[in-house]
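Put chain B on the given structure of chain A with help from the hints.
In case you want the letters, here they are:
Protein chains: 2
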Amino acid sequence: MNIPSFHKTYLDYLNQHPFSGNPSTLYAPMNYILSLGGKRIRPILALIGNEIASGNINHGLEIAHAVEVFHNFSLIHDDIMDNADVRRGNPTVHVKWDMATAILSGDNMLVKVFHILSKYNGPEKDRILSNFIQVSTEVCEGQQSDMDFSSNAVLPTELAYLEMIRKKTAVLLGCSLQCGFLSGNGSIEDSQLFYDYAINLGLSFQLKDDFIDSFVDAEISGKKQGGDILEGKKTWLYLKSLEINDEETKRLFQLPNSDEKIKAILLLWKSLKLDQLMEEKIALYDQKANEILHKINEKGYSTLLLSELSSVLTERKN
Amino acid sequence: MNIPSFHKTYLDYLNQHPFSGNPSTLYAPMNYILSLGGKRIRPILALIGNEIASGNINHGLEIAHAVEVFHNFSLIHDDIMDNADVRRGNPTVHVKWDMATAILSGDNMLVKVFHILSKYNGPEKDRILSNFIQVSTEVCEGQQSDMDFSSNAVLPTELAYLEMIRKKTAVLLGCSLQCGFLSGNGSIEDSQLFYDYAINLGLSFQLKDDFIDSFVDAEISGKKQGGDILEGKKTWLYLKSLEINDEETKRLFQLPNSDEKIKAILLLWKSLKLDQLMEEKIALYDQKANEILHKINEKGYSTLLLSELSSVLTERKN
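In order, the protein sequences belong to chains A and B. Its first residue numbered 11, the first sequence is counted upward by one per residue in our numbering. Its first residue numbered 11, the second sequence is counted upward by one per residue in our numbering.
In isolation and in its complexed conformation, chain A is listed as follows (with noise of 0.2 Å):
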């Protein structure tokens, strides 16, 4: 197997097995947002982890099936609060239905994730329940945390800053491979290397995500330079620029949005060589990767899919 042959696995599965039930109203948009697409990076990881521990397919599908509706209940709430029309170039749930409904549906599949992990019978069911439990609660306590960044309530440290994105990004990257790997009978002990691993590749990803947004050309990335910035977004750039520059960054982000803003910022932070720094950062988070990778290598596992994988991560984010 291959990534893409575990991509049309999932698919296959996710097309035969539509939510339904009454009122209508209420399932077809979770159907709707899991229709959407995008690159299906969290149910991957599950079956590349089964497959790793040599595992029934079976048993890595449910919990694939898990962890991306447990992601796209996140997508349909976090849309809400971000106040964003679109998702995926379609509208997002609250705009194509309306607020109810999306707090509704979003309520719904969070409650199926618990209905599809109560019907597991897998190896492991109850550390994969608990798993996903812990994961659960820090995906809300890391949205909140962003949500209160970005009131301006409070203004992070970069270790504040660091801790939001690995609940808020990584730490289901790291459920779904660790569940993965569990749901193929891999041992509990060796299952925390690959949590580890898929947390420190979710730091990466990222920051890789924030450093693009503000020093790669709109043609390469595919999207426009210092969206963050206009945004005020409290990025570790930001947090950073603050910390080195108090004053220059305050004054630069009271100016009204436009791109001469956007230009005198990155010329800020270039002079700050905070690019650099960006990238010693990133670099530190894929060399812990590398280092968990390579003893997973030496207690003999294959980490060809591994690889494989972290290619696509970097191609754009999901």
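Please keep in mind that the hints were generated in silico from the structure rather than gathered at the bench. Be careful, since some hints might not be right.
Because identical chains cannot be distinguished in the list, a pair is counted as satisfied if it fits within a single copy or across any two copies.
Heads up, simulated SDA-like pairs for lysine to any residue below, C-alpha to C-alpha not over 25 Å straight-line [said to hold, decoys possible]:
| hint | residue 1 | residue 2 |
| --- | --- | --- |
| 1 | K243 | W107 |
| 2 | K106 | G236 |
| 3 | K18 | E318 |
| 4 | K106 | N93 |
For chain B alone, kept in the frame of chain A given last:
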């Protein structure tokens, strides 16, 4: 034990189990909504079920807490959808904090329900978990139907209306009593009787609430007579009225809101003998509940606590 002592026992447990975590902005609303009081009917039902089965009260308290946390998750999210500013004389969560915090703290409470159930190690753990999952989905479905009805997207039949209030209100009462009974090591077979009893109690309770809104003086009920009429709610009375006198019902409901409108509609409903019809409908559910209570008694279980609770319930809606 009697109802007030169950109430106190649960409140003590609640006070000893506050939620905590980071960021505190996510956890404060969870503790806030749980502190707002109310009759605590659902946890009391769980404790009664546990006591009737002569169970270990600690297991009963865990179930009691799970149902109360679930109920309060649904209150936070319903208050957003209903645009409600006040809950039990206090600001609702999305008013006191903001909408994002209300969505996220509600989500996290739903996760905590499954956290509590995953740590529960009393009898019938799997059965209780799957009951909660079933009921959680039904509560989402009931609320979605209620929203669909109020947005005029769908005009419900009488049957669809009753199904909506069964899901929105009755099933959680059923789950509370049944899972409490199971937590006390009660048999699965007999637990169904307790579920069915609470379902009929819940349906009667909800219809009584609608009856009171229209036919009981504010002096006695403590709330403005005809509130549902002004809100244009698709109640059982409205649906029956349409069924019997479509034209006049529509004409009166199209009038601008006023005390005269309320008077005219109540006059119509009394002339159609809807008050009598509704009392007969309520009596049917009460009779079913009593028949089940009789069966429970025949099986050798004490029903004193259930009779006591039923009179607490009818005092007023919680």
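We went through each hint and held it up to the structure:
1. K243 x W107: Classified as between: cross-chain Cα gap 21 Å, same-chain 28 Å, threshold 25 Å.
2. K106 x G236: neither (29 Å within a copy, 34 Å between copies)
3. K18 x E318: Only inside one copy: K18 and E318 sit 16 Å apart there, 58 Å across copies, limit 25 Å.
4. K106 x N93: both (13 Å within a copy, 20 Å between copies)
When held up to the earlier numbered hints, the structure conflicts with hint 2 and nothing else.
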